[in-house]
Amino acid sequence: MDVVNQLQRQFIDYSASLHREGFLDDQFTQLQKLQDDNSPDFVVEVASLFFEDCEKLINNMARALEQQQGVDFRQVDASVHQLKGSSSSIGAMRVKDVCVAFRSFCEAQNREGCLRCLQQVTHEYSLLKNKLQTLFRQILAAGGSIPVVE
Amino acid sequence: MAPTLPSSDQASDQDNWDNGRLARKRQLLIEIVLRNKLTALVVDGDTTCRVLEQLLLRSYGVQTQGVDNGRDAVALIASGVKFDLIIIDMILPVLNGLEATRQIRDMGVHCKMLGVTICSGESERQVFLAAGVDVFIEKPLDPEHLVPILRELDGQ
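Line order of the protein sequences matches chains E and W.
For the first sequence, full-length UniProt numbering assigns the number 150 to the last residue and increments by one with no breaks.
For the second sequence, full-length UniProt numbering assigns the number 156 to the last residue and increments by one with no breaks.
One chain only, chain W, in its complex shape (with noise of 0.2 Å):
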């Protein structure tokens, strides 16, 4: 059964033409030095954003697989892959992301996972927060968010 699909859509961010909020993300791209060898599931069904939210972890040093649907995550975290972090989207193909969270999480898997997608409304975040995901976050991805969850796992 699919996932509700959110009801309005928020207006274009101005925030983005904030000079300092600008200065901040420049810094934030350069700055975090992992101590530990992070992994890192990327689930995404849209090849442009599977592969950007990969590129984003790379270049802190995470090691990151990527699946295209939620069955085949599921499937690669029964065969016994662990990672320190899953990034997962709301809407996949084949299964969906609420679904598949669930699946994950009731397989004892306890580790920090990501809700990134483009639904913005509050009932999508709750929705997805009470399937297990312990972030929510609207796309895209951005430094600003994974900085600090990136420190947070590296014990820093």
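Bound-form chain E, shown alone (with noise of 0.2 Å):
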């Protein structure tokens, strides 16, 4: 199916560009990878757990960050902690560069620099989200799956 093909080429150009642009790192090839017949929605199974994952432990470190009494910062940096497992097991960079620096935060028991850190892990996590997701529709409402990437 022409569309088919046109769209899963566009996904291959998109995210190389992704690469490029440091969104997304060599793990992310990897996972292409694992896709093979038996699962061949595989990767956009895996991406929509890890935005599941992202939302949740976002929410985890707003709560905490919020807290007017006193900010619990071990509770922060062990949601920071975990979405910077995550994020480097699919291979968003750009999510676990801003972790990087996040931890460095907490530590610090700094909450501007949290407040600000939390800000641009919501802003990566959903730039990235919103590139993914919408190519994964076109392609699978068109019928096709997702291309293995060389």
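Worth double-checking, as some hints may not be accurate.
[Claimed, not checked] Covered stretches of chain E, as calculated for chain W (at least 3 residues, CB under 8 Å):
1. 17-31
2. 47-54
3. 77-90
Hint data in this document are derived by calculation from the structure and do not stem from the laboratory.
Built from N, CA and C at the ideal position, the CB exists for glycine as well.
Starting from the two chains in their separate frames, assemble the complex, guided by the hints.
Written out as structure tokens, the structure is:
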């Protein structure tokens, strides 16, 4: 089907540009290689899982940082730690990089710095989510599967 | 008592764009064939990481189970279920990875244990190794680290 091929080609080009812009790193390519006939939508499913995790963790961080009586920085740090783990596992490089800075602010117990990082992490995650989800939806709606990028 | 968190993080890995390494990684993902049926337990509180690690193992034909906290991991081992390989994160809900590792070793379980964690400091490495893991791997778990271990377990 021409439409599917076109969309798949678009995905490959788009994927390459996401790598170039630093949104995704080599780890994401590794993931795509795990996709096969038994799990054709694996990349989509894993990406969805990651976005769910992100939302949950970002909410945890926001709640912890909102506490007027005194922020529990260890709690914030635990969430940032988890986000750093999952973002590096999926190859979400820019999200991971923000987590690195975020952890320093947690350690320094710097609420302002943490809030700035929270904003940044939310922004990076939203950007990545939009970029990937739109493309996934297009390909799947056209009846195709996510291509493996070489 | 929760383990101490690292005081500094390593810089972003420029090596990711080394073409030679990329080619070798691609190779590793395809090459290995296991002769024996291996089993593995993945212990990670983060869904994305746990699912990915299980999938990576399954792509090599390893039968896997996953649990999301240290207490369930210890309970599963205590119930007598045997694994060739246990992959465990350092920071876990309910019971942390260090303590879970110690308890598993105290039961007399000698299987290969990999500590796979986002913590990257030398002190974390020493602490995790002292608790009883055989290898300390910084996340993400990748074929380069995993394949030699699978080969060894397979007796290749």
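- Query: Does the structure break any of the earlier hints, and which numbers would those be?
  - Reply: none
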